[in-house]
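Generate the whole structure from the sequences, applying the supplied hints.
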Amino acid sequence: MEKKPYACDVCDKSFSVSSNLTAHRRTHTGEKPYACDVCDKAFSESGSLTAHRRVHTGEKPYACDVCEMSFSQSGHLTSHRRTHTGEKPYSCDVCNKSFSVSSNLSAHRRTHNGEKPYACVVCDKSFTVSGNLTVHKRTHTKHFLIDQRSKGHI
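Residue numbering for the sequence shown follows this note's numbering, beginning at 31 and increasing consecutively.
No wet-lab data here; the hints were simulated from the structure. Being a predicted model, the structure only gives us computed values, none of them experimental. Quick reminder that beta carbons are idealized off the backbone N, C-alpha and C, glycines included. A couple of the hints might just be wrong.
[Unchecked claim] Listed next, with one range per pair, are the computed distances between beta-carbon atoms:
no., residue 1, residue 2, range
1, S49, V85, 44 to 54 Å
2, S48, H166, 25 to 35 Å
3, K90, D70, 34 to 44 Å
4, H142, S76, 29 to 39 Å
5, V152, E61, 12 to 22 Å
6, A93, S132, 20 to 30 Å
7, M31, V85, 20 to 30 Å
8, K90, S132, 32 to 42 Å
9, G161, S48, 34 to 44 Å
10, S48, H142, 38 to 48 Å
11, G88, Y120, 42 to 52 Å
12, K33, H166, 43 to 53 Å
13, N162, S132, 17 to 27 Å
Encoded structure:
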């Protein structure tokens, strides 16, 4: 078993490398010392800033060897490769449905537990998936209401 002599004094996590403990401590302090010089968004880890900068540069250094599609982050390429292999490593412990992306499993779990963490600030309607809230928000815009009226829906 690997030695982990660097222990967090806030929680019970420990690390084999001191720099990992330093980065971990920022989850407790909220410190984000790495700021983007383009948009001022800040990050707790330098690698996250490096990945974020690609939003501005458009750089996509990770290419799929099957279809040549490119990605700005290696994790996105890893997830994409599963579209070719059919691998679905994330399984629901309630119904055994499998997913290729962990966030899809997280969203799916909400169908079992009823959690709806995405709430509309206008009408308090809640959703299991953030994208459904985004679509819903359009129902509160002036243009949407005018369009619905002209179609006879209101």
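Hints not upheld, ascending by number: 1, 2, 3, 5, 7, 8 and 11
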